[in-house]
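Chemist: Protein chains in written order, with the numbering used here: chain A, 5 to 552; chain B, 5 to 552.
If you're looking for bench data, these hints aren't it; they were derived computationally from the structure.
When chains are identical, the list treats them as one kind, so a pair holds in a single copy or across two.
The calculated DSS-like cross-link candidates involving lysine-lysine, where the alpha carbons are at most 25 Å apart (straight line), are:
1. LYS327 / LYS418
2. LYS210 / LYS551
3. LYS418 / LYS439
4. LYS77 / LYS7
5. LYS210 / LYS548
6. LYS73 / LYS8
7. LYS439 / LYS327
Computed from a predicted structure; not experimentally measured.
There are 2 protein chains.
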Amino acid sequence: MAKKIVIIGGVAGGASTAARLRRMDEQAEIIILEKGEHISFANCGLPYHIGDVIPEREKLLVQTPEAMKARFKIDVRIKNEALKINRQQKTLDIKDLATGETYQESYDKLVLSPGARPIKPPLPGLDFDQVFTLRNIPDTDQIKNYLDQHKPDRAVVVGGGFIGLEMAENLHERGLEVSLVEMMDQLMGALDYEMAAQLHNHLRTKGIDLQLGDGITGVEEAGSRKLVNLQSGKSIKTDLVILAIGVKPNTELAAQANLEIGPTGGIKVNEYLQTSDPDIYAIGDAIEVKDFVSENPTMVPLAGPANKQGRIVADNISGRQEKYQGTQGTAIAKAFDLAVASTGLAEKKLQELGIDYHTVHINSNNHAGYYPGAVPMFIKLLFSPEGTVLGAQIVGYEGVDKRIDIFATAVRHKFSIYDLQELELAYAPPYGSAKDPVNMVGFAAGNLLQGEVENTYWQELEDIDPVKTVLLDVREEVETQLGVIKNSINIPLNELRDRLVELDQDKEYISYCAVGLRGYIAARILSQHGFKVSNLSGGYKLYKAVKD
Amino acid sequence: MAKKIVIIGGVAGGASTAARLRRMDEQAEIIILEKGEHISFANCGLPYHIGDVIPEREKLLVQTPEAMKARFKIDVRIKNEALKINRQQKTLDIKDLATGETYQESYDKLVLSPGARPIKPPLPGLDFDQVFTLRNIPDTDQIKNYLDQHKPDRAVVVGGGFIGLEMAENLHERGLEVSLVEMMDQLMGALDYEMAAQLHNHLRTKGIDLQLGDGITGVEEAGSRKLVNLQSGKSIKTDLVILAIGVKPNTELAAQANLEIGPTGGIKVNEYLQTSDPDIYAIGDAIEVKDFVSENPTMVPLAGPANKQGRIVADNISGRQEKYQGTQGTAIAKAFDLAVASTGLAEKKLQELGIDYHTVHINSNNHAGYYPGAVPMFIKLLFSPEGTVLGAQIVGYEGVDKRIDIFATAVRHKFSIYDLQELELAYAPPYGSAKDPVNMVGFAAGNLLQGEVENTYWQELEDIDPVKTVLLDVREEVETQLGVIKNSINIPLNELRDRLVELDQDKEYISYCAVGLRGYIAARILSQHGFKVSNLSGGYKLYKAVKD
Ligand SMILES: Cc1cc2nc3c(=O)[nH]c(=O)nc-3n(C[C@H](O)[C@H](O)[C@H](O)COP(=O)(O)OP(=O)(O)OC[C@H]3O[C@@H](n4cnc5c(N)ncnc54)[C@H](O)[C@@H]3O)c2cc1C
Ligand SMILES: Cc1cc2nc3c(=O)[nH]c(=O)nc-3n(C[C@H](O)[C@H](O)[C@H](O)COP(=O)(O)OP(=O)(O)OC[C@H]3O[C@@H](n4cnc5c(N)ncnc54)[C@H](O)[C@@H]3O)c2cc1C
Ligand SMILES: CC(C)(COP(=O)(O)OP(=O)(O)OC[C@H]1O[C@@H](n2cnc3c(N)ncnc32)[C@H](O)[C@@H]1OP(=O)(O)O)[C@@H](O)C(=O)NCCC(=O)NCCS
Ligand SMILES: CC(C)(COP(=O)(O)OP(=O)(O)OC[C@H]1O[C@@H](n2cnc3c(N)ncnc32)[C@H](O)[C@@H]1OP(=O)(O)O)[C@@H](O)C(=O)NCCC(=O)NCCS
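Pulled out of the complex, with its shape left as it was, chain A reads as follows (with noise of 0.2 Å):
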């Protein structure tokens, strides 16, 4: 007999389970439920569709409920909502919102893809009809048609994680003025500070205006305007307030239903992404999963891993047995001309977990610097003191998509820093260069595990000791009118094995350049005449971006 297989959500993870259980089982009987009005939408398109970029309001549905009907044979029922699962009997209450009517249906296979909401604080004012979040096609539509309508000159932006930058970004290219508040001290949070950093300087060119380290306490009225007040004191004036602090994952049904809830606030899965009851699977923003890295219960609501647990289920459902390996956390965004990117543990999270690791700074050219078009990126590599590769931050114009799906891959299958040595990639002036980026972080990440060079750190220097420790930039003297840090002396490296005399075998250096490079010759010349020295990983230009 054919299986009967209930779905409820039906955009990424839900519409993908189902597209790939037809296509599995030509026979079973396939119910989405959506309580929404659309299906297969492009959530992580909607910032755009706010900002004009995708002007086209339908390229933001992927599928429609008839046309997912007529390729999949689908039972599509939008506005049905799920209200209740009867685990015993194996059936759902459901509500049609279209009539109200309640009604009940069988399943012999249940997958909860009911995905994530925006966190809305208790804080007064958030009801205001300015007040906005983004999760889905109406909310988008408000936004926009807010925006069409009242022409707002200001916008308040709550939150810096990728939502929050996105419709930074959006906002300000519609030619609002934009304000975007954090409550940490820095945006995007799975990078570490300097990474940041340079995010917030990138940021502040373009004209948004960042506040950092506060929160916000509340909305009110201010004459025509509203008022976003924060903890610090400030008040910022605005005509619109959009909320992207976070995702609460929607448990209400699987909690009521006794299915067991994650130490994270996720549904708990096992690794064939069943919950609790083995006919009842659960998928994407709404489940706990296992950090891959460090095998820790995490929430990692994106896309991707939604999708791929998705077909995942499907098989598993179709009588396959596929496991699901964990997720790693890899995101980018796009912030104006600058990408962010982030895959595995960022120093923090190791620190936090009590994990013992090294990092490298490295500063490279998308492609061969000779070749128009060459822009730097700045990299940093995580990884064990015995090499494995433990996570990877990227900020840079181009190519940083490219490198990051390097390191994911390397995170994935556990590389160590000489496996990136040697990762043959391919090169022509116009996509590389002979040394590849990822190369050249494995050459650095080497020449540290292997004590060719000692590191000092950006954090490090507020704790010199100027009796002991001389900071000593080698880069030309015409560079040291971009700035140099306090209290160092200049010695250009192309000088450096002529002037020895000039330094005290008594002293720690720390040489320093643009970016490391140089910094780490001058630093093997030293060591090999028998100075004490580091080197400054990432050089003034991640230092003055830390201090920007």
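Dock chain B with the ligands against chain A, hints included.
Modeler: Structure of chain B with the ligands alone, referenced to chain A:
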């Protein structure tokens, strides 16, 4: 006592060796012998300087002898040609080309990085001043001066490898009419025919005259011009000829010193890159390497391997024991708006070697289709019956370099196609898709391997028996106006389930759509309804690329 290392050849391999050597060993005496006038120049940028894409000649000179000396304390002797290796005495006979004098130099370790030279077959007329090869700066100057002074109208480029391709593009961009002559029936020999066919069509669209499957027999005078004669009997009038039919390794010095030469004609080295004399290392275009996938000896004259080999040799001379793991031939070339790339083994190579394989073709956008600027790329994946990735080829507009690097990584680490499915790559609309093309290829390969679908390939369409086999076009009717495969019937995918009665269980079906996705879904539907069916890999678009 300080080691004395002499390096023959001061460009990609040689200069990289020297720089790393100095960093590892401040005391060593390091001499570079370079018979030309320049060291460390950007070979790979030469065509783009000729095309004025890189207008500044000095940008091609990545390092000068003076800078190399200042930074790395290296004794760089340009216009010094090594004439003979005296292995017994561990000395070299060297000719100072400026003075004409010959002298000797001793070495503790010798590194050979003499590169390769363009092949010039013994055909009539190849000594005309208007027949050029391109390897170094003087070659570049000659070609560029000729173009600047004579403002020629027509060029013939002989050889369809990446240098030929780059020269054809750059000459065309300078306003010349360009014919590209290639003896094989396709350009870019590392690609399989159907992938190269897409390149052919693109070049023709751009106005390049392609003469494939035709070799030159010679060049003769024709009034103020030259006539290039072809084997087919055709001849082409031209103002200049660029010969780019491949390179020959510079092995004479090594051979004369009785160092072992491998079966492919390159200097034989062990995994530490030592020649048959352990005090002599060899790297770069001059050596034979192990093909990483097949483990057969081969020659891969590319800059990435040369530079990395240089670093390994420097490390080994400094006392480490690093192995070179072989070369997989990862390569990419720009051809106008197109990028063509490959890694690992091609289908034809697998056939030649008698290695069992499967293949799938995928056509996916570089990033989310709803975000502006999405453009498709064709990916071909080759994998073993056990699922190990053996090679990949890509032709497309954007994002080709990114995906080939992931496939290169997959080949390097012997990933299975299931590993490709699981890779967690970075997704935001401007950069990728929730299921990246790399994942998608993994899915399609998995479906083939697990028997969910059978594929038919473009080559097989010739041989089908129309009585037994029906071509089933599942595109929308309007799409058939773009052309159809002869003798096919059209049932749009979304009508297929309702029109199964029109089909005949006794026939075999080959379903096809534009690129293979809908054809695959059709095949799933038909096979589950008891029909014999296979899907045309790559669909009509790939088929048409071959037929055009
Ligand atoms: C503005 C925005 C931008 C984003 N950008 C990116 C990006 O660039 N990259 C990236 O990787 N991810 C991005 N995401 C995240 C990504 O969209 C989600 O991770 C993904 O959609 C999660 O899939 P899901 O199936 O779990 O949930 P959803 O796609 O949200 O689908 C859940 C559906 O279930 C329905 N539902 C819930 N409860 C019920 C019920 N009881 N009965 C019936 N239906 C129900 C909901 O109405 C909803 O439509 C973005 C998200 C947003 C909002
Ligand atoms: C036009 C062009 C474009 C290219 N584009 C790319 C590309 O996009 N991507 C890519 O990966 N590769 C590319 N390559 C290939 C790449 O440049 C080579 O693989 C690389 O330079 C090989 O390094 P090598 O050290 O072996 O030889 P080379 O870099 O050629 O250096 C060898 C040097 O040795 C000197 N020499 C030889 N014999 C002696 C002697 N007896 N005494 C003293 N000196 C001697 C030569 O004068 C020469 O300068 C390109 C090459 C060319 C010519
Ligand atoms: C639209 C949606 C239902 C599509 O699901 P889908 O059918 O699984 O995905 P695609 O259309 O990309 O097709 C992929 C299938 O085609 C196959 N395929 C793709 N190209 C192919 C080709 N050239 N030849 C053969 N097969 C091919 C793949 O193998 C895969 O099939 P499989 O899963 O059975 O192996 C789902 O992705 C969705 O709802 N997306 C929008 C919501 C969303 O994801 N939001 C978050 C991101 S904005
Ligand atoms: C110019 C040339 C001599 C440079 O060689 P190089 O000094 O080894 O290369 P780079 O300048 O890129 O520096 C790389 C070194 O800096 C280190 N490095 C780079 N960025 C760093 C950073 N931010 N912090 C610390 N170290 C860094 C790397 O680890 C590497 O050192 P290592 O090999 O000791 O580990 C050589 O590449 C060359 O001749 N190129 C032109 C010829 C050529 O390659 N042609 C073919 C391609 S067109």
